[in-house]
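In the order they appear, the protein sequences are chains E and V.
Taking this note's numbering, the leading residue of the first sequence gets 713, the next gets one more, and so forth.
Taking this note's numbering, the leading residue of the second sequence gets 21, the next gets one more, and so forth.
In case anyone wonders, no lab produced these hints; they're calculated from the structure.
Here a beta-carbon is modelled for each residue, glycine too, at the ideal position from N, C-alpha and C.
So the derived list for chain V, only partly shown, Cβ under 8 Å to chain E, looks like this:
#1 Asn-72
#2 Asn-109
#3 Gln-113
#4 Gln-121
#5 Phe-125
#6 Pro-126
#7 Glu-136
#8 Thr-140
#9 Val-141
#10 Met-189
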Amino acid sequence: MYRWDFTPIWAHGDLLLAGLGNTLVLTAVALAGGLPVGLALALARLSGNRLMAAPAGLVIEVFRTTPPLVQLFWFYFGLPIILNVEMTPYLAAALTFTIQSGAFFAEIFRAGIVSVDKGQSESARAIGMSKAQAMRRIILPQAVKRMFPAMMERSIELMKTTTLVATVSYADLLYQANELAQKTFRPLEVFTAAALLYFVTITLVSALGALVERRMAQSGEMTR
Amino acid sequence: MDTPLLRLAGLDKRFGDRAVFSGVDLDVKRGDRIAIIGASGSGKSTLLRCINFLERPDAGRVILNGEPVGAERQRSGGTETRYDEGSLNRLRQRVGMVFQQFNLFPHMTALGNVMEGLVTVKRMARAPAGERAMAELARVGLADKAEAYPAHLSGGQKQRVAIARALAMEPEILLFDEPTSALDPALVGEVLDTIQALAAEGRTMILVTHEIGFAYHMATRVLFLAEGGIYEQGTPDEVLKAPRRPLTQAFIAGHRRFSF
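Required output: the full structure, derived from the provided sequences and hints.
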């Protein structure tokens, strides 16, 4: 019978928390960068201008159809060779997950935008709004409400996928847990604790998201 | 002779291979109220939507107050008209439109809907825009619904808010695209009353409608669309009571149940 012993983990709890902090920083950076990248890609793809739509479509498809680990290795080991620069694990991770989540967000934005009734943009244009004004004032506010659940889902997926950065020595939660497991010879306890930290964090984020979603549903009506 | 407020000159519209109409000419003077009638698919709504360029005409010009919309340029094989977004946006501020499906902005209150064009397009400050919008809502009898979201309004109320939204921009012409076709019969009256009140103010309007009785009472001129163009036109008495051409006669006979 295995005897559980969490005392060494408690003793090094600060290591795991620092890792969780790094995971949260990377997720936040990828979100903050990925949302505008995704919106820009979606608008380019919907622009009707082939010179903009085609490259945007290519970026979206490449990042959706290649494994995130391959993307990470490409940015970490490959890109420095082309650009002749020093690549840090943080920079490679931030680049990979910004563009990668941007590609997924782009498709969510696009689906949200095209789901808004055509009559909405027509009535916006009919009072003299430009295309950009109609998008910003009329289409996007309605689209974002509809997209929110998919955005939350994708953000949680993003946070879990960031564990891949442990492979390029970015000190995220998984990386720190791995270090700790080797130091304490207690992998069962360490990885249980790491799983618990992910579970608690993501559950909290989900609950927060559900709250925001309810608030949005109350502040206005979606039916015509 | 006065310059017509709106002139359509040789307007063509095709969808793919199918010509919807071709060579449509129309002069609209200030204060004219024109009803466009015709069978489904005769191009009534498309013609109306060509006036504010929600549909691009394939040929011909739209001339507002003597100023042609868009710029002509020579190309191999003839002239082509180019429309830049800015000039279309300016045209649309002067030509209001009311849609069959209302198309209110669901994420804004009734007041927000009416203010939107003033704030975003005309760059008015929120306070005076709100006052203007309230006055327009009062005009359509909905001042007490200013804070209501569209989902909480009846179809007739939604359409009246949509009319207020168009009026707030102070358009020179109002276009109505089957404004009562999506309404429960019990709610048609309040919208027609609102339009009638605008007619009494002497506003210039073009109305696509299936309400033949209403067209008779409201319009100064009736156009009957068929065979890819204006098939017959005249006063309501001429077109609706004593049509001269066979398709108009058949169409009016089919609507005999309407009393004038």
